[in-house]
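Trainee: Kindly generate the complete structure, drawing on both the sequences and the hints.
Chains as they are written, first to last, in UniProt numbering: chain X, 1 to 610; chain L, 1 to 313.
Calculated from the structure, these hints are not laboratory results.
Predicted model only: the values in this text are computed from it and were never measured.
Yeah, the Cβ is synthetic: ideal placement off N, Cα and C, and Gly gets one too.
A portion of the hints provided could be inaccurate.
To be verified - Where chain X lies over chain L, by a calculated footprint (3+ residues, C-beta under 8 Å):
| hint | segment |
| --- | --- |
| 1 | 11-19 |
| 2 | 130-139 |
| 3 | 148-158 |
| 4 | 228-239 |
| 5 | 248-254 |
| 6 | 278-287 |
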Amino acid sequence: MTESITNVMPDTATEERAARSHLARRLLRNGAALFAFIVLGLIVLAAILAPLLTPQDPNFANIQSLLSAPSAEHPLGTDGAGRDVLARLLYGTRYSLAAALLGTAIAAILGVVGGLIAGYYGRWFASVSSWVISLIMALPGIVVLLAARAVLGPSLWMAMAVFGVLLAPAFFRLVYTAVVNVRGELFVDAARVSGVGDFSIIGRHILSVVRAPIIIQFAFVMGIAIAIQAGLDFLGLGDTSVPTWGNMLNDAFARMYKNPVLLVWPSVAIALTSVALALFANALRDELERSGRVRVRRRRVRGTAPAPAVVLPADVVVHPETTADSREKLLVVDSLVVGYDQPDGSLKQVVNGVSLTVRQGEVHGLIGESGSGKTQTAWSILRLLPEGGRIVGGSVVFGGTDLASLSDTEMRKVRGRRISYIPQEPMSNLDPSFTIGSQLVEPMRIALGISSADAKKRALELLARVGIPNPERTYAAYPHEVSGGMAQRVLIAGAVSCEPDLVIADEPTTALDVTVQAEILDLLRGLQKELGVSILIVTHNFGVVADLCDRVSVMRDGLIVETGPVRAIFADPQHPYTKSLFDAILEDGAARGHLEHAADRHAPAGGAAS
Amino acid sequence: MLRFTVRRLVSGVILLFVISSVAFLLLNLGAGDVGRRILGPAATADTVALKNEQLGVSEPVIGRYFDWLGHALTGDFGTSWFTSQSVEQAIFSRLAVTLSIVIGATVVSGVIATVLGVWAARRRGWADKLVQVIAVLGFAIPGFLIAIFLVNVFALNLHWFKPTGYVQMSASFTGWLSSVTLPIAALSIGAIAAIVQQVRGSVIDAQRQDWVRTLRSRGLSENRIVYKHVLRNAGGPALAVLAVQFIGLVGGAVIVEQIFAIPGLGQISVSATAQGDVPLVMGLVVVVGALVVIVNLLIDLIQGFLNPKVRVS
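Mentor: Listed below in structure tokens is the structure:
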């Protein structure tokens, strides 16, 4: 009974009025929806035109011709009581549809009105309603209907009225949630303050939001009503004097061995109607969701996408090395192009040909404003781009191999062991369902092949090393039990746990509190010296660069515009964009330190991940 | 965790109490002339009156309610008006039959829905579309139609199974398996359709979480991430749907038992209802309600195991 309580709210709360005609047109173009419309149309026509389509009386029992084969008089034959099957089917459509419509309408009226009152006025009505609903939903609907039948007798309409009450929660929840959401909106407050009446607010602002979901739910519930009504009649608990699909099934089932064909007609009618209603509801929901957001499609087959447009980095400023750097090149990214496949088949490029080099033991800063493609560059080195994203061109040579050409299995062996990753937002980067300890131990056991006892020992040492005061307790804790700073230390411990050659840190301090930021930078610097690991640190903060980095690459619009030793760039920025970044810092004058940190803290978590 | 369990248990008991009270009052107010119904039109007015007095149905409803409640608390639900069998006996002799089918269907649908849902979420593309179509059809087509279809195809035409009847598990396991295969299949399809959507959705959601990227960056294999980490996180919402489906499966069993002539709770529900056998219907309401409360409690406990945040609060 409760299975209809599916999520029918589309993601879009607001829907443009003008988009509605498009919606209808799109629905007609959608194959499933078109099928649903045609089937439902035919069924309604059959119900209305039943007397014109057959001259037979659906209840007239001709004892002379029981279970007769199809003939001119009885196109579908007769049933076990000698009644005309076609007439019963057509009139059955009438009764079955009317009964389902009644039940659904009652459910909708009760649920919508109740949901509006509970959602808009709240208070005791809301709590009482939700209590009554959990009561209604606690029992299987059919059991309640059976009990009701014991009291009220076998009436088609009464059963459907009870059914309506039972399924009212399906509408109640939908409307209640929507109303509670909308009520909190500013424009509703504004309307109320400016003296607009409650009814007018409900009508204009609230009903317009829930209208489409109600229609969807109506179709779902009506499908269930058809099934339940037929089920009751099929069990012989309905009103046998009324021709319905369920009563036809009941009669046919009793004669299944003699004449199984009789089962086909009512079954097909019930199944077609139910499926058409569900398809209609699904199609409407899909279309509403689709109009609300642009969906990123699964990656297309390689090669069908247009050739990558590598913007030649002609104006890249390369500062000469201040001292001859003899360290070996660990990572060489060359003309890297990253793009996302769009629903229309085109490719949206976010990195347009980045080249950068990280040497052994070097800390390399990748700096740029939000949306410059620096995080995308970092992810593509690890080949961890989100769905739809891929490396379109260029190479990522690490320790002599091009990572872009490795198989997934080979790439997996690089991750963690050779290149590891420190994310930006510590709290969302630990699996909430596992302890911190198990999340540290698991990769070590796989990457280093050590026993779980050894891995635990090492994990505790690492936790102590990254400055966690009580390693044992944090080891046993779940992520939600530690602070953001602690979580970031845990993630740093995880990143160095398998002794990588390169750590990619994606704005590792952005999401943290000001006081913690400095500590985390200290920790990174200390670990780097101790382990001799290379770090590629993505940031939008020149303070971090000055603090930590040997060399820096400035990124803008998916391209490197200036690169070189930190000292050289700080002393003599050449590219206008680098200069503007410096100017932006200097404008704040002496008070800069604090302000900039404050701005860091308030930067939206997802902002830099673009 | 203990306090959480106790609180859920108490609210379950209250729920059960309210349901049974409402049911008792409604059923008894509408019972009509019970003696006449039992004895038939041929009985004299005197015997009918005597019968009514015997059953106590002429007394005020409130007094009878407390009487019933007092007995019910000690596990005595009275005797059936029509068969004179005790209600407890009538129900418990059939409970195991229904439970074996409903639990079987819960397990089958949980497993199949998980496998299909994960597959659709990982493969996307055509696999996803296929699963969506199955889900829409399975959701839309009523279970009893599926049952009738299965009987016709697999029992009457292919003769793989017997069309009707039930074999006790203790008598013959394979016999039992063969007698419940079609009923469980018929029941499961609808539940699979509902659960698979949820599994698919929550696996897709979980896969987009930041920590999945971080786990990948640690060198864990995709299978390990999906089956250990993603599935555990996606398990909560899926289990919630499974709990709702369990209620639906108990309801579905009523109809399916009728089709396969299985002597379970569903069968007596139908006959007790048709006859208006109030004590038996009451007993059934209480047992089904208790079953639902227990299953919900179990699901909550599993939720707590899966999600550490639930455990703490």
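Trainee: Each hint: holds or not?
Mentor: How the hints compare with the structure:
1. 11-19: Result for this restraint: holds, n = 3.
2. 130-139: holds (count 3)
3. 148-158: As far as the segment 148-158 of chain L goes, the hint holds, because 5 residues have Cβ atoms under 8 Å from chain X.
4. 228-239: Coverage by chain X holds here, the residue count being 3 at a Cβ distance below 8 Å.
5. 248-254: holds (count 5)
6. 278-287: holds (count 4)
Against the hints set out earlier in the document, no violation occurs for any number.
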